[in-house]
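Chains as they are written, first to last, in numbering that gives the first Met the number 0: chain A, 0 to 366; chain B, 0 to 366; chain C, 0 to 366; chain D, 0 to 366.
Keep in mind that the hints were calculated from the coordinates and are not lab data. Any given hint might turn out to be false.
Any copy will do: because identical chains look the same in the list, a pair fits if it lies in one copy or spans two.
[Claimed, not checked] Under the rule of at most 30 Å between Cα atoms (straight-line distance), these lysine-lysine pairs were calculated in the DSSO-like manner:
id, residue 1, residue 2
1, Lys-356, Lys-97
2, Lys-6, Lys-97
3, Lys-356, Lys-6
Protein chains: 4
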Amino acid sequence: MGSLFGKKLRVMTFGESHGPAVGVVVEGVPAGLPLREEDLQRELDRRRPGQSPVSSPRQERDRVEILSGVFEGRTTGAPLCLMVRNEGADPSAYEQVKTKPRPGHADLTYLLKYGHVDWRGGGRSSGRETVGRVAAGAVAKLLLSSCGVEVLGHTLEAAGVRVEREVEDREIRENAERNPMRCADPEVARRMEEAVLEAARQGDSTGGVVEVRAVGVPPGLGDPVFDKLDADIAHAMMSIGGVKAVEIGEGTRFARMRGSEANDPIVLREGRITTLTNKAGGILGGISVGTPIVVRLTVKPTPSISLPQRTVDLERGEETVVELRGRFDPNLCPRVVPVAEAMLALVLADHLLLSGKLPPDRWGERG
Amino acid sequence: MGSLFGKKLRVMTFGESHGPAVGVVVEGVPAGLPLREEDLQRELDRRRPGQSPVSSPRQERDRVEILSGVFEGRTTGAPLCLMVRNEGADPSAYEQVKTKPRPGHADLTYLLKYGHVDWRGGGRSSGRETVGRVAAGAVAKLLLSSCGVEVLGHTLEAAGVRVEREVEDREIRENAERNPMRCADPEVARRMEEAVLEAARQGDSTGGVVEVRAVGVPPGLGDPVFDKLDADIAHAMMSIGGVKAVEIGEGTRFARMRGSEANDPIVLREGRITTLTNKAGGILGGISVGTPIVVRLTVKPTPSISLPQRTVDLERGEETVVELRGRFDPNLCPRVVPVAEAMLALVLADHLLLSGKLPPDRWGERG
Amino acid sequence: MGSLFGKKLRVMTFGESHGPAVGVVVEGVPAGLPLREEDLQRELDRRRPGQSPVSSPRQERDRVEILSGVFEGRTTGAPLCLMVRNEGADPSAYEQVKTKPRPGHADLTYLLKYGHVDWRGGGRSSGRETVGRVAAGAVAKLLLSSCGVEVLGHTLEAAGVRVEREVEDREIRENAERNPMRCADPEVARRMEEAVLEAARQGDSTGGVVEVRAVGVPPGLGDPVFDKLDADIAHAMMSIGGVKAVEIGEGTRFARMRGSEANDPIVLREGRITTLTNKAGGILGGISVGTPIVVRLTVKPTPSISLPQRTVDLERGEETVVELRGRFDPNLCPRVVPVAEAMLALVLADHLLLSGKLPPDRWGERG
Amino acid sequence: MGSLFGKKLRVMTFGESHGPAVGVVVEGVPAGLPLREEDLQRELDRRRPGQSPVSSPRQERDRVEILSGVFEGRTTGAPLCLMVRNEGADPSAYEQVKTKPRPGHADLTYLLKYGHVDWRGGGRSSGRETVGRVAAGAVAKLLLSSCGVEVLGHTLEAAGVRVEREVEDREIRENAERNPMRCADPEVARRMEEAVLEAARQGDSTGGVVEVRAVGVPPGLGDPVFDKLDADIAHAMMSIGGVKAVEIGEGTRFARMRGSEANDPIVLREGRITTLTNKAGGILGGISVGTPIVVRLTVKPTPSISLPQRTVDLERGEETVVELRGRFDPNLCPRVVPVAEAMLALVLADHLLLSGKLPPDRWGERG
């Protein structure tokens, strides 16, 4: 269980960090959508490590191959298999993990569950699993884009440095991809990076907050009770490794509000019913209002740190200390951004299909 | 779509606030579990309004009837249908809602989605839908209890008043049901109640934070990638009306931690591998550690308030002001507590069944 | 597991033969469909026993109650709970079954699976479970009818007597409900009834063949590979108690054909592409052609017979003979007809919704 | 939709006949199962065409690659991606199909559904899609084998030539793989082959009947109502291209039986409750009895034939005649055998996992 997501747009990811390949099968994409490997590669390149001092220096080329579902440059309605070969993985760096589960990682729980650890870099619990999510998310983004929906993500806070003011969509579009922190404010980005690197120099890691938004979302997405749009989003986001809190709209700030502040007044704007403010983050009763969807994720500090940590030696059955070698992402936020965008895109595209706002079989007529 | 939850223990809720009945079908309960209507009634009674000044004075007797799945006092393995008749509902109080969607409610989005509002008290989006969740959750609690798992809930914060210190399980068991706020600290409970009532006297409502825990959870529950235990919990919790943030363990506090603080050291205790602290809230890599599961929900202020609010008159197509009559829950937290417990119980019982730790067909041998 | 059917139009049945009630929750019905209890009652009345010498003389009034999902005479998009109270069930007639599983029944396998038998008339495996199917099917038929699709069923063969010629749709509509065998040919119906009653007089039962058709089905329903329309139909039909074979179109006769006979020529008729013949039964590659869907079910002889049969006494742990008292359906075909129609209607309505040919949220605009 | 099968053991197939690759992701395989590419290759080699005069002379090497889910020769509990590259596919042979849908094929319905035909050899509806099924089925067979369950398949009838007597399991094991028809009786096999080739010489094709059995199946598999074991089997079998009827046990022969013949007497054999005969084909009330599961499929004649056939020219919008070039399988039965075995194995392994008889997470302890 566990590798399937979605109801009408369904994705099944596969692959572990040191196996032959990682990827995803995407099912439910309507026929006729133009799709090239470049469209996917662009998003995968954003996910890759080794691009800056704040991400791990591992080199992964991550060339995606479309194994099925596309004919003459368009989707056929058949499942897409999107595959990336793993390259140059050196599992020897993980030898000691074999017997000493790393604190904060899934090593311990996989061991308790499966009776073994696929100790090569975390196996299935590795961040490499997100290659499949990002590739599938790239397809979802194309579907959304055809409906006028745009998904935007940025790092709102890292290592205690936060963008304290309101961030405009435009700033995310212009700035987030231009700094290693993926922060929408270039000046804050610099301070974030500094704080992140300072902790890294001390052998430690830092946490932060990622925000994702969707603009242009039509009203009426989401279903009552258990398939609420925000419930599906929370599920999607909490399934990303390292995410420990999910907030919609004002999120935890609602705890200290009064109803008169918290409720978004309902108004008419150009003949359309909408809300004056967007504290609800675009969702009421689990259904989209038509205002932007706003989601925030708290990302815990990277569990891999060089400082010594207490653990247990499984072979000897005694407590010990583990010191992890190698270089790690000192802060996960910049790499969570494209994954969170992908997950939001997948949830929204699924609900567009469920709602009938995207035709299930034909994306458009072939010319 | 929307009314089905769970993978192996599946629940489908039905009913709206002013229809003939509300309830749930629960499927996947192993045969042989002793089950009486009293077991369900106890939990339903906790959910009922009208029990204190901080909840709505509506009178609902909520007598549950087991329509199927039980024979000679034990479950048969067949689906349980648990039904509660609606009584004395007076939809006339909702007449004005018919044309004026209430801010903060689902009225607007249901209208946009379905082209109409079942205007009688919110219809399907009403809190009454949770009758089915709580009844199903009561069954899940019995299953959990047979495996030594206990689910506890309390109000951690309301109207800005918070229990600032660590709360012991024992305090929740002893105190939470003894005050109208369901707060584990009797002294804080009094201050919460005061602050809630003060806002209510001003025609306003307040938000808060609910915490639910599960103790005695075996390690190994949860599946990698998308069916992570915390992802399923986030889904379950965010599907509760009024919940706008879900946190696991330290939750949003992880943003400001370093890895060396955030990672729970792995230790041996009485020959068992476990963690020294429980910042992760009992879940690593989406799989239970064996330590308590800790979840916090931010509950927004009750959207129904007596203060005038801006909305749109749908018939006249113009902006207007709505003033809601009647009396409402001034704070939702005490009533969210049993619902959140129910949802956590459902997720855990489902994963116990998925993991094979609960036998799927026979709960125990019949004597 | 087991009580859920459908992908977008989902039904969950509940109830056993001697419990308080039987019924179904139907989810995914678009808002706005006019629905009254009479619409359901008509179909349920067709399913009831006691209506003729060829069905069991048990008296069940089977009054259906709509517990949810309808407001002011139309569906709201919320789940429908359709319930029928069980009346006058006398489980004492089943006392001996308690320790002696009946050959041909589920008694033996339920015992092996659940460790007990809900011995009161078969419990969940009883034909009474089909009340929920027929009620849900009645809703599906209304949805189909709004798209011009009609579902027709009749008994093609019983007790060795078969309608050997082609049966026209018109004959089914006119004749099938007018004779106890539900046979489309009145003259054959008389011979069937005679043969059935003759076997019954000897304490025995007989089998037969039921045919169901759907006319007016649009092309394009069904999905490739595993969700083929015929695969879903086979699933639905084989889930009906007593059905041991499912055939599509020419069915088993294809084994002795050549390709040149078996292939339906593709032709133009009034500008539309269609097939000249309909040997495929309206489905090619798992997707509807637009020609009538034709399905045949082989129904085994009623397992309950008065003749002595070998079984095992569970208490004594020795072989014995069981002689069933009471009166049973001497032939199941007439009662399988409405159930098979219901299942075909459910599959087709589900695929209409999946294909986007029926709008998922709003059946039609409210006046 | 459409490419996902199974509840706990879930498979998602991908790939079309002339794309880069075909394959499957298999999820839910417990950790610890020894698995090598050779185990899969053996089954894939049985599925390959070009092995005898009664199958198409296309040359496909079909080398399988395990892309994920195996570490040090054993499954890890993570999804398996099993991939086969397509080789040497020459779509030019299909040029005329582009505008002239072939009778009996999915060309027409795919066109009606998706607005285009992936005309290269049938695309997703091609028999090549079954590569994924057979690879997944090979994994399921290994799981079954570890529980003492064996799946056997053979051609019972082809081109009107049938094995009229009872076939023993032993005969299938010894003979079926030793003749091109996969017939359990060598003498009948020769007559079948002759009849098949005679029709082929006339440019025509023939149909037949395939039987699959499972022996060693424990009692208690299957769930009541909609997830009956026979319902899931019918679904699985009818999803195989060319299958038009599915029978369980005596199947269509039940129509002419009486209850006293049809019911299998319940007896004690070596202290175990079982049935004296096995007319029910190993399933009662949708749940396995413990006796062999017996399933028969009617396979229609290969729709591709060289004889001229009526169709429509889509470009000209007029009726025309198509004459298919190339060489085709003159009879599909021998190639359906391994696919039907794979599907039966998948259904049974899924129900073994659902029932808890196979542990969901660990197949066995690692040494």
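Going through the hints against the structure:
no., hint, result
1, Lys-356 <-> Lys-97, "between (49 Å within a copy, 26 Å between copies)"
2, Lys-6 <-> Lys-97, "neither (37 Å within a copy, 32 Å between copies)"
3, Lys-356 <-> Lys-6, "both (15 Å within a copy, 18 Å between copies)"
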